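K.L.:
Given the sequences, and given the hints that come with them, work out the whole structure.
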Amino acid sequence: MEIRKCKMQSELSGELAKIVALLMVGLVMISKGHSQELKVGFYSETCPLAETIVRTTVAKAVSQNPGMAAGIIRMHFHDCIVLGCDASILLDKTPENPDTEKGVNVGNPLLRGFEIIDDAKFEIETRCPQTVSCADILAFAARDSVATLGQFTYDVPSGRRDSLVSHGANVSDNIPFPTTDIGFLAQHFEERGLSLRDMVALSGAHSIGRTGCPEFTDRLFSSNGTEITDPSLDPTFAATLRQKCPFGSGFDKTADLDNVTPNHLDIQFFENLKNKMGVLSSDQAIATDPLTAAIVSRYQGNRAIWMRDFSAAMVKMGKLLVLTGTQGEIRKECHFRN
1 MEIRKCKMQS ELSGELAKIV ALLMVGLVMI SKGHSQELKV GFYSETCPLA ETIVRTTVAK
61 AVSQNPGMAA GIIRMHFHDC IVLGCDASIL LDKTPENPDT EKGVNVGNPL LRGFEIIDDA
121 KFEIETRCPQ TVSCADILAF AARDSVATLG QFTYDVPSGR RDSLVSHGAN VSDNIPFPTT
181 DIGFLAQHFE ERGLSLRDMV ALSGAHSIGR TGCPEFTDRL FSSNGTEITD PSLDPTFAAT
241 LRQKCPFGSG FDKTADLDNV TPNHLDIQFF ENLKNKMGVL SSDQAIATDP LTAAIVSRYQ
301 GNRAIWMRDF SAAMVKMGKL LVLTGTQGEI RKECHFRN
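Here the UniProt record's numbering is used: the first residue of the sequence shown is 1, the next is one more, and so on.
Just so you know, the hints here were simulated from the structure itself, not pulled from any lab data.
Everything numeric in this text was worked out from a predicted model, so none of it was measured.
Don't take every hint at face value.
Claimed, not checked - As a list, the in silico EDC-like pairs of lysine to aspartate or glutamate whose alpha-carbon atoms are at most 20 Å apart:
id : residue 1 : residue 2
1  : K93       : D118
2  : K244      : D230
3  : K276      : D181
4  : K276      : D218
5  : K319      : E227
6  : K60       : E125
7  : K60       : D99
8  : K332      : E115
9  : K102      : D119
10 : K102      : E333
11 : K102      : D92
12 : K244      : D266
13 : K274      : D256
14 : K276      : D289
15 : K332      : D119
16 : K93       : E115
17 : K316      : D218
18 : K319      : E37
19 : K39       : D218
20 : K316      : E123
21 : K332      : E125
22 : K276      : D256
23 : K319      : E329
24 : K274      : D289
25 : K332      : D155
26 : K244      : D256
27 : K93       : E333
28 : K276      : D266
29 : K274      : D234
30 : K276      : E329
31 : K332      : D181
32 : K274      : D230
P.N.:
Structure follows, in structure tokens:
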């Protein structure tokens with residue numbers, strides 16, 4: 001009876017935690033999300049060179065290190081998916097707030113490009129003090145990263161403001177894992193107003209960038225180090241991945257998410273899936289799951305359709321739970337609140 005009682009209490013505690021979490025998300029959605037206040041050219045009068053400065057800063061950095069483009073796009077995704085596009089991902093930890101999104105390793109050990117955002121912010125601040133938000137700079141930088149490696153672009157509505165807080169605890173509940181199944185991923189995106197098409201289109205960003213070996217070595221080795229090959233993975237490609245990521249490799253070892261055209265944002269990612277060369281299991285799964293397979297097939301060999309859908313999805317994602325008007329603040333430095 002005592003064991004059963006403890007179990008019931010544990011279940012009740014778990015249900016209560018879920019209810020509290022849902023209420024907290026609801027409160028955040030009520031207090032944030034005025035995406036209708038965003039508009040293209042928001043700074044055309046108050047800081048007309050803002051987007052040009054970001055574009056120039058990103059182009060210079062990516063020309064020196066193409067991997068930075070993937071880092072910035074991934075950073076923008078993480079910022080938006082974790083309770084809204086509010087630059088909370090940029091905040092450094094402080095004695096008052098030692099647990100920030102930036103410091104959490106779950107799902108984002110390879111985030112990079114923070115210094116690029118800082119450089120753009122510094123240049124903008126010299127011309128337009130406390131006018132352009134870090135959240136907008138990050139959104140612009142993601143768009144310009146796409147333009148640099150993908151050779152296409154889209155308009156970014158702006159007018160976001162910066163959050164006052166960043167909580168690392170929010171990351172694990174909001175960032176999907178590489179092993180997450182498609183049904184859960186679809187629900188995860190749908191809860192944020194993003195469709196299946198948005199989800200698959202955005203996954204095309206994995207045509208650039210790298211991932212840490214621990215994210216996929218369970219497809220190459222058993223727990224005791226015996227070589228295995230995930231049935232959904234091409235055996236020859238699996239052997240290539242084992243050379244890059246021997247058993248026991250940490251996040252200091254990485255592999256390209258697209259080993260064919262790793263520095264070009266294109267549809268090669270979707271072609272790779274057709275050939276069972278998706279590095280992450282969740283990537284490969286979108287090519288075979290009934291929910292998403294048709295969308296993947298549509299993008300294979302049709303770059304124009306993917307570019308259109310990817311651009312639309314980036315704009316939609318960039319409007320998630322934004323702060324506008326008098327909410328939040330315009331930071332003087334992106335990695336610290338004022």
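K.L.:
Hints first: check each against the structure and report whether it holds.
P.N.:
Hint-by-hint comparison with the structure:
1. K93 <-> D118: holds, 16 Å
2. K244 <-> D230: Roughly 17 Å separates the two Cα atoms, so the pair holds.
3. K276 <-> D181: Roughly 17 Å between the alpha carbons, so the hint for K276 and D181 holds.
4. K276 <-> D218: Holds, at about 16 Å.
5. K319 <-> E227: Given pair K319, E227 is violated - Cα atoms ~44 Å apart, limit 20 Å.
6. K60 <-> E125: Answer holds: K60 to E125 is near 19 Å, not above 20 Å.
7. K60 <-> D99: violated, 32 Å
8. K332 <-> E115: Distance ~15 Å between K332 and E115 Cα, so the pair holds.
9. K102 <-> D119: holds, 18 Å
10. K102 <-> E333: With Cα atoms ~15 Å apart, K102 and E333 stay inside 20 Å; holds.
11. K102 <-> D92: holds, 7 Å
12. K244 <-> D266: violated, 23 Å
13. K274 <-> D256: holds, 17 Å
14. K276 <-> D289: holds, 13 Å
15. K332 <-> D119: Within the cut-off at roughly 12 Å; holds.
16. K93 <-> E115: This hinted pair holds, its Cα atoms lying about 16 Å apart.
17. K316 <-> D218: Distance ~34 Å between K316 and D218 Cα, so the pair is violated.
18. K319 <-> E37: holds, 10 Å
19. K39 <-> D218: violated, 44 Å
20. K316 <-> E123: violated, 28 Å
21. K332 <-> E125: Since the Cα atoms of K332 and E125 sit roughly 7 Å apart, the hinted pair holds (cutoff 20 Å).
22. K276 <-> D256: Status holds; Cα separation ~15 Å.
23. K319 <-> E329: holds, 17 Å
24. K274 <-> D289: Measuring from Cα to Cα gives roughly 13 Å; hence the hint holds.
25. K332 <-> D155: violated, 25 Å
26. K244 <-> D256: Measuring from Cα to Cα gives roughly 10 Å; hence the hint holds.
27. K93 <-> E333: holds, 14 Å
28. K276 <-> D266: Distance ~17 Å between K276 and D266 Cα, so the pair holds.
29. K274 <-> D234: Given that 20 Å is the threshold and the Cα spacing comes to 10 Å, the pair holds.
30. K276 <-> E329: Answer violated: K276 to E329 is near 46 Å, above 20 Å.
31. K332 <-> D181: violated, 40 Å
32. K274 <-> D230: Satisfied, since the Cα-Cα distance of roughly 15 Å is no more than 20 Å.
In summary, the structure is inconsistent with hints 5, 7, 12, 17, 19, 20, 25, 30, 31 from the numbered list given earlier, while agreeing with the others.
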